[in-house]
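*Asks:* Read off the chains here:
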Amino acid sequence: MRALGRAGRWALLSVVPALLAAPVALWADSVALILGGLPGSPRHESQFAVWTATTRSTMVDTFGFVEENVVVLENRGARAEAIRGAFIDAASRLGPDDTFFLFLIGHGSYNRGEYNFNIAGADLSASDFAEMMDTIPAGRIVIVNGTNSSGASIEALGAPNRVIVTATRTGTEQNDPLFYEYFLQTLGDEAADEDRNDELSVWEAFRYTTLEVERFYEEEGRLATEHSQIAENGAEQTGVEPDEMPVLARMISFNQEAEVTVDDPVLQALLDEQRFLEAEVDALRLIEDAMPADEFNTRLESLLIELALKSQEVRQYEEQP
Amino acid sequence: MRGRSLNPGLRVLARVTSLLLVAGCGASGQTDDPGPLERAQRGEYAAAARGLADMVAEGDFSPAVVESLYHSLIRQGQYEQARERFEELAETNGDSGPVVLAAARSNRLTGNYERALEHVEPILTSADVGVAAMYEKGVLLETVGRLDESAAIHVELVERFQDGIITNTDQLVYVARSLWALDYIQEANELFRFIVGQNPRDKDALVAWGDMLADKYQNPESLASYEDALAIDPNMPEANLGLASLLAQENLERSEMALEAVFDENPNHPEAHLLVARQRIAAEEYAEADEETGKALEVNPRLAPALALRAATSFLRGDSEQFESHVAEVLETNPSYGEMYTILADQSVMVRFYGQAVEFAREAVRLDPTDWDAYSLLGINLMRIGEIDAGREALETAYANDRYNIWTVNTLTLLDSFENFERLETEHFRIMLHQGERAALAGYVTELLEEAYDTLSAKYRFEPEGPIVFEMFPEHDDFAVRTLGLPGLGALGVSFGKVVVMDSPSARPPGEFNWGGTLWHEFAHVITLQITDHKIPRWFSEGLSVFEEKRARPGWGEDLRPDFLSAIREGQFLPIADLNNGFIRPRFPGQVPLSYYQASLVCDFIEEMHGFDSILDMLALYKDNRGTAEVFETALGISLAQFDREFNSWLDVKTALVDAEGFGERTAAGHQALVAGDLPTAIEELSRAVEMFPEYSGEQNPYEGLARAYEMDGNTAAAIETLEQLMAYSEYGYRPLLELARLKRDAGDIEGAAESLGLAMYISPMELEAHREYGEVLLEGGRFLEAAREYEVLLALDTPDVATTYYQLASAQYGAGQLPEARRSILESLKIAPSFEEAQGLLLQIVR
Numbered sequence: 007m008r009a010l011g012r013a014g015r016w017a018l019l020s021v022v023p024a025l026l027a028a029p030v031a032l033w034a035d036s037v038a039l040i041l042g043g044l045p046g047s048p049r050h051e052s053q054f055a056v057w058t059a060t061t062r063s064t065m066v067d068t069f070g071f072v073e074e075n076v077v078v079l080e081n082r083g084a085r086a087e088a089i090r091g092a093f094i095d096a097a098s099r100l101g102p103d104d105t106f107f108l109f110l111i112g113h114g115s116y117n118r119g120e121y122n123f124n125i126a127g128a129d130l131s132a133s134d135f136a137e138m139m140d141t142i143p144a145g146r147i148v149i150v151n152g153t154n155s156s157g158a159s160i161e162a163l164g165a166p167n168r169v170i171v172t173a174t175r176t177g178t179e180q181n182d183p184l185f186y187e188y189f190l191q192t193l194g195d196e197a198a199d200e201d202r203n204d205e206l207s208v209w210e211a212f213r214y215t216t217l218e219v220e221r222f223y224e225e226e227g228r229l230a231t232e233h234s235q236i237a238e239n240g241a242e243q244t245g246v247e248p249d250e251m252p253v254l255a256r257m258i259s260f261n262q263e264a265e266v267t268v269d270d271p272v273l274q275a276l277l278d279e280q281r282f283l284e285a286e287v288d289a290l291r292l293i294e295d296a297m298p299a300d301e302f303n304t305r306l307e308s309l310l311i312e313l314a315l316k317s318q319e320v321r322q323y324e325e326q327p
Numbered sequence: 002m003r004g005r006s007l008n009p010g011l012r013v014l015a016r017v018t019s020l021l022l023v024a025g026c027g028a029s030g031q032t033d034d035p036g037p038l039e040r041a042q043r044g045e046y047a048a049a050a051r052g053l054a055d056m057v058a059e060g061d062f063s064p065a066v067v068e069s070l071y072h073s074l075i076r077q078g079q080y081e082q083a084r085e086r087f088e089e090l091a092e093t094n095g096d097s098g099p100v101v102l103a104a105a106r107s108n109r110l111t112g113n114y115e116r117a118l119e120h121v122e123p124i125l126t127s128a129d130v131g132v133a134a135m136y137e138k139g140v141l142l143e144t145v146g147r148l149d150e151s152a153a154i155h156v157e158l159v160e161r162f163q164d165g166i167i168t169n170t171d172q173l174v175y176v177a178r179s180l181w182a183l184d185y186i187q188e189a190n191e192l193f194r195f196i197v198g199q200n201p202r203d204k205d206a207l208v209a210w211g212d213m214l215a216d217k218y219q220n221p222e223s224l225a226s227y228e229d230a231l232a233i234d235p236n237m238p239e240a241n242l243g244l245a246s247l248l249a250q251e252n253l254e255r256s257e258m259a260l261e262a263v264f265d266e267n268p269n270h271p272e273a274h275l276l277v278a279r280q281r282i283a284a285e286e287y288a289e290a291d292e293e294t295g296k297a298l299e300v301n302p303r304l305a306p307a308l309a310l311r312a313a314t315s316f317l318r319g320d321s322e323q324f325e326s327h328v329a330e331v332l333e334t335n336p337s338y339g340e341m342y343t344i345l346a347d348q349s350v351m352v353r354f355y356g357q358a359v360e361f362a363r364e365a366v367r368l369d370p371t372d373w374d375a376y377s378l379l380g381i382n383l384m385r386i387g388e389i390d391a392g393r394e395a396l397e398t399a400y401a402n403d404r405y406n407i408w409t410v411n412t413l414t415l416l417d418s419f420e421n422f423e424r425l426e427t428e429h430f431r432i433m434l435h436q437g438e439r440a441a442l443a444g445y446v447t448e449l450l451e452e453a454y455d456t457l458s459a460k461y462r463f464e465p466e467g468p469i470v471f472e473m474f475p476e477h478d479d480f481a482v483r484t485l486g487l488p489g490l491g492a493l494g495v496s497f498g499k500v501v502v503m504d505s506p507s508a509r510p511p512g513e514f515n516w517g518g519t520l521w522h523e524f525a526h527v528i529t530l531q532i533t534d535h536k537i538p539r540w541f542s543e544g545l546s547v548f549e550e551k552r553a554r555p556g557w558g559e560d561l562r563p564d565f566l567s568a569i570r571e572g573q574f575l576p577i578a579d580l581n582n583g584f585i586r587p588r589f590p591g592q593v594p595l596s597y598y599q600a601s602l603v604c605d606f607i608e609e610m611h612g613f614d615s616i617l618d619m620l621a622l623y624k625d626n627r628g629t630a631e632v633f634e635t636a637l638g639i640s641l642a643q644f645d646r647e648f649n650s651w652l653d654v655k656t657a658l659v660d661a662e663g664f665g666e667r668t669a670a671g672h673q674a675l676v677a678g679d680l681p682t683a684i685e686e687l688s689r690a691v692e693m694f695p696e697y698s699g700e701q702n703p704y705e706g707l708a709r710a711y712e713m714d715g716n717t718a719a720a721i722e723t724l725e726q727l728m729a730y731s732e733y734g735y736r737p738l739l740e741l742a743r744l745k746r747d748a749g750d751i752e753g754a755a756e757s758l759g760l761a762m763y764i765s766p767m768e769l770e771a772h773r774e775y776g777e778v779l780l781e782g783g784r785f786l787e788a789a790r791e792y793e794v795l796l797a798l799d800t801p802d803v804a805t806t807y808y809q810l811a812s813a814q815y816g817a818g819q820l821p822e823a824r825r826s827i828l829e830s831l832k833i834a835p836s837f838e839e840a841q842g843l844l845l846q847i848v849r
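First to last, the sequence lines map onto chains A and B. Quick note on our numbering: the first sequence kicks off at 7 and runs consecutively. Quick note on our numbering: the second sequence kicks off at 2 and runs consecutively.
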């Protein structure tokens, strides 16, 4: 990578906070479509049913999705025409400020370079899903594909403003993955909120789940048969140690709470300043590689002290009688 | 050996192919009415010898008859009789090649090498036995150290074969042997295959082929070859001996049966006696070893391997005069006999004299610079004394010239993997840990090693020579190769005196290995080996290592188990004089761990009855080359027999109250009551079970159920006490330790909780939750530096919760007054989680 000049660096630093501080539309609507594929065995039937139901309840109860914005199609009800219908319905409810979440639970298959999601009737391929995705007017799309062979869906589904999380690296990882089980545990685990901002970003969920799955295989002394991946904006897929930190996946959170606003203008101003400082830290982190280490550390420390003082100020103001 | 250049590769294979094209079926059939020749072939040697002797007396000097007579006599152990008979026959029938050849061979076997050489000279061109005579001469010349001349003969034999002069299938076995002698193993192998294909009943070729395969570590193929020979002649001593040697390590019972079969047929078999002698030396029974070599020397007083073993026992007893005399005796006959030093090196390794093994191996390669096995031995033993670079160099020389030596290949492969290890040094140790484990283990390993050093060097009043090399391998087979050169070793750790190698925690399933106890055990060997100049008997060294393990931490070391109790009650403990055999030649499954246990009890008993200083006296006496009987008499004032009696009485008292049967019943009843929720019954039954067999800490032990019952009953103090009792015996109780820590922490006993978690780390140091818990407990207890270590380990283990861990690390560092470190850590935490309130608070505290 070519190093940016000083002017370039500071220009970036000044733009990125603006980007991050700009609304990621936390108060905008999100729609989640949860698809439970054809199970094929009683064990899978009960497992997929639990995963589908848990995904739904987590979206609503933990992340604050509006109930009617969480659509579930599963087992024999998840046929191609029903899924297409659900996409049309979602498209009608979403706008550029909104986020669309698609969860694929079930079996995948991989034949002749094409990924297929196994459903009742004719399967839907990754290309079929890509076509349907293109009809969704949401500003951001998150796809969590928890099936085996799901790595093979990344290329077809990749596009700007999309984050794709898959249970496997390739189509040839065909064993039943553990990923989705751990993913659901992650969604309910506070420890996964790495940056302690009380929101779980897609990146945090992906990272925490992946590490837990890796640990399972390691502790069991088993050869890992799955390697979860993440890709965004149509760029190359990666694991938990990316060359470049994913920006979009870190910006998009599962949490749907509306932004906190307060009546007290003094407190609101303090909160805005606190939020701006947080965004500045985020922005600085994004350009860490482009800065000399000493310069980065000095700037980071100063920002963090400033932020800590501001947080202290907020608390003290809140605590005063 | 390679005296003259030869390139037989393709030409030998081409010759074999052309022979295949012209050869018919050479297999001789069996007859219903066996004559003497067939009897000899079937192994009915006595009957065969009688018939064959009559045939010879009637003037039948055909090669088959004379050779069969010769073998029938020799295979019954009638060496001297054979020599006399063939000498006599040769005098009157000097023009009979077969007779003269038999005279030469019998003279060689009885050590009359010069006379044997006189016999072979005139028959080298004999039409019927010339090829066999040439080969015999080659062997004789090698036996007297004329290696170049010997090699020249082998080369000539091979060339004659290549030139189509040797075509008779009966003579091809000598060509194959010559190829082997010249290290052309593939070609020899092909030729043996051809010979045996032509005559599947050629038992001599089968045994020779088996010997070659065994020499090149092709054990399964070698075994098959011996078995094929034994299917033809079940009494054939050479085949039975090959099998006994091959199986001595992996199947002792079958090996001993085979050895017995050798002695049944040939009670004088020199090589069989030498095999027994080697085993005696390994058991440190030098007098018995000498008795065996004596039997071999009765047949051949100049037998070099026998004299070399005599030299070995003299050396191991510290009798340098005798040692020098035996060495001189060997070299007088064969000045190039480098193998003597290989034998000395091998036997030195058997009794853990690794430094001396290096010296002997060096001497072996000096005498015979083409002895690639000696280079391998040198390399491996250099590594055992910590000279890795020199070891690699010797191994590479060995490999460049012999790619079949599995020890060489394995060890070099292991050495290549050393680049994945990281090195660190402490005051007394040079440590090598795998890079994937270094961060997680380094803190514990360095602390425990130095603690072991301080504790044991003070106790034994001895500072071992250092730096001591300590290596841990996450792959068990790598540890095994580092130790033996071969995978499949059952041990967990090995001490070479200045080098300790062991499994790392990752090498074993969690909960089945206490690496801390193993480390302590192996370091105790460093002390006891060095303090005695490696002269401590195996049983005493192992006994003291377990004895010290038990004193290092609660629960470490072997305790009484049900199988040990049965063994004790069935009288399976060995007398002290025989205890080494329990380690190196176990007679039943489980005898090795039983011997460790017995040896540790012997040390307990000595300390209890005579005081620890008497153990130090014993070590000093061993260093002074005293035998075990003398050591016991001098240090303890007691004969071995009397000691055994007193020890057994002590043991009877110690185990008298243990009621394994009642224990099982009470435990089962207690667990049933617990499941049913009947707490009073559960507590009563399980308490009684504990009293009946307090040392039992394995699966389904009564302690854990009892602790649970107490806790459910609201009696936390009793639950804690119960688990404490369990952990006084349990070496692998990881979960009970975590449970104990939880109970203690809940009860406000932070120090106690920390102690339990610390012990858990010696069993399973890779689990995140335990480290987090341990860190918190240490922080609570104000043990900041140790707490910081825990958080560093968590980060090294890739904890997903990085921000919190950095925050906790910063808290520990701040508590320990390490402000710059705390500042760095808290910034790492906030860099990940800028809004992390507690971390923000700590940052402000630090920068103010």
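Bear in mind the hints are in silico, worked out from the structure with no lab data behind them. Every value quoted in this text rests on a predicted model; they were computed, and no experiment measured them. Yeah, the Cβ is synthetic: ideal placement off N, Cα and C, and Gly gets one too. Possibly wrong hints are sitting among the right ones.
Here are the simulated distance ranges between beta carbons [claimed, not checked]:
(1) E423/B / E74/A: 54 to 64 Å
(2) D653/B / A197/A: 36 to 46 Å
(3) A230/A / R552/B: 55 to 65 Å
(4) A230/A / E822/B: 56 to 66 Å
(5) N181/A / G783/B: 25 to 35 Å
Taking lysine to aspartate or glutamate and the EDC-like style, the derived pairs with C-alpha atoms no more than 16 Å apart in a straight line are [stated by the list, open to error]:
(6) K296/B / E333/B
(7) K316/A / E838/B
(8) K316/A / E272/B
*Asks:* Could you run down the list of hints and mark each one as holding or not?
*Replies:* Results of checking the hints against the structure:
1. The hinted window of 54 to 64 Å between E423/B and E74/A holds, with their beta carbons roughly 57 Å apart.
2. In this structure the supplied range 36 to 46 Å is violated for D653/B paired with A197/A, their Cβ-Cβ distance being about 57 Å.
3. Checking the proposed 55 to 65 Å range against A230/A and R552/B shows it is violated: the Cβ atoms sit about 42 Å from each other.
4. About 35 Å separates the C-beta atoms of A230/A and E822/B, a value inconsistent with the hinted range of 56 to 66 Å.
5. In this structure, N181/A and G783/B break the distance hint of 25 to 35 Å, their C-beta atoms being roughly 48 Å apart.
6. Distance hint between K296/B and E333/B is unfulfilled; the C-alpha atoms sit about 21 Å from each other, more than 16 Å.
7. Simply put, K316/A and E838/B have alpha-carbon atoms about 11 Å apart, close enough for the 16 Å limit, and the pair holds.
8. For the suggested pair K316/A and E272/B, the alpha carbons sit about 89 Å apart, so the restraint of at most 16 Å is broken.
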